[in-house]
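Residues in the sequence shown are numbered from 18 upward in steps of one, following my numbering.
Calculated directly from the structure, the hints in this document are not laboratory data.
Hints are supplied without guarantee of correctness; some may be wrong.
Unchecked claim - Here are the simulated DSS-like pairs of lysine-lysine, each with C-alpha atoms no more than 30 Å apart in a straight line:
hint : residue 1 : residue 2
1    : Lys73     : Lys252
2    : Lys252    : Lys115
3    : Lys25     : Lys87
4    : Lys122    : Lys252
5    : Lys73     : Lys115
6    : Lys122    : Lys87
7    : Lys73     : Lys122
8    : Lys87     : Lys252
9    : Lys115    : Lys87
10   : Lys37     : Lys25
11   : Lys115    : Lys25
Keep in mind it's a predicted model, so treat the numbers as computed, not measured.
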Amino acid sequence: MTQWIRFKHEGTVGFGTLAKDTIDVYEGDMFATPSPTGASLRREQVTTLTPTAAGKMVALWNNSRAMAAKLSQTEPPEPLYFIKANGSYLATGEAIRKPASYDGKVVFEGELGIVIGTVCRGVREADSARYIFGFTCINDVTAAGITMQDPTFQQWTRAKSFDTFGVFGPVVATGLDPTTLSIRTVYNDQERQNYPVSDLFIQPARIVSLVSRDMTLDPGDVICCGTSVGVGSMKAGTTVEVTIDGIGTLRNRYEAA
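Construct the complete structure from the given sequences, taking the supplied hints into account.
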């Protein structure tokens, strides 16, 4: 297993592999045989960025058995998804901010994220693994009061795409078997979610295959696999942590606008 991290150091964006608190710096393209520079940095010397500069973030809805049962939903015949704007991306340690234009409930949703490593278009499920670079933690923040606000149009993109609402990181971990992973979300020191990837209707390899039939997926793109029960609203000044073993902890405070 390898953990890849993006960072800013002395005004320059870089990337490398993380082992404990040491970053071995690489050059080139993270997704195309990058080369070690021989330099290393301590993690406290850098500002952690989102682990990829994703061109797009695709996020699934109603992909959890437990959540579907709670909401009296049935298993979808195909992935139900929306896009989060790339201007919404936020790294670990940064503040999630309440939108100035919205006064309603803002919700955290802990999820597993798939990171694409190779241009992916119309792939078979059996071949999906070769297109997956690794996995990351997701907090799919949502302005819950907006989605059904207009009776003529469900506003998923708007509700999910406010600045700071596309939270992912702290690293991309390669070499993991996603079927063995669990997602744990802690809100203000209280565990709110703890569910296995096996809870998902559509597993990661099949998600990649099905979404790639609809659109081309590029290196660095992120797919959010969907959340389970335990999501909840946030109050200003509180902290949300999403932890997945092998990846680490995505930690952010929620602040008023």
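Now the hints, each set against the structure:
Pair hint Lys73 plus Lys252 holds up; C-alpha atoms about 28 Å apart against a cutoff of 30 Å. The straight-line distance between the Cα atoms of Lys252 and Lys115 is roughly 9 Å, inside the 30 Å bound, and the hint therefore holds. Using a Cα cut-off of 30 Å, the hinted pair Lys25 and Lys87 is violated, with the two alpha carbons roughly 42 Å apart. Simply put, Lys122 and Lys252 have alpha-carbon atoms about 9 Å apart, close enough for the 30 Å limit, and the pair holds.
For a cut-off of 30 Å, the pair hint linking Lys73 to Lys115 stands: about 22 Å separates their Cα positions. This hinted pair checks out: Lys122 and Lys87 have alpha carbons roughly 20 Å apart, not beyond 30 Å. For the given pair, Lys73 sits about 25 Å from Lys122 by alpha-carbon distance, which is consistent with the 30 Å threshold. Restraint check: the Cα-Cα separation between Lys87 and Lys252 comes to about 24 Å, which is no more than 30 Å; the hinted pair holds.
Proposed proximity of Lys115 and Lys87 is supported: the alpha carbons are some 27 Å apart, at most 30 Å. Between the alpha carbons of Lys37 and Lys25 the distance comes to roughly 18 Å, so the proposed pair stays at or under 30 Å and holds. Proximity of Lys115 to Lys25 is assessed by CA-CA distance (about 25 Å); at most 30 Å being required, the pair is judged to hold.
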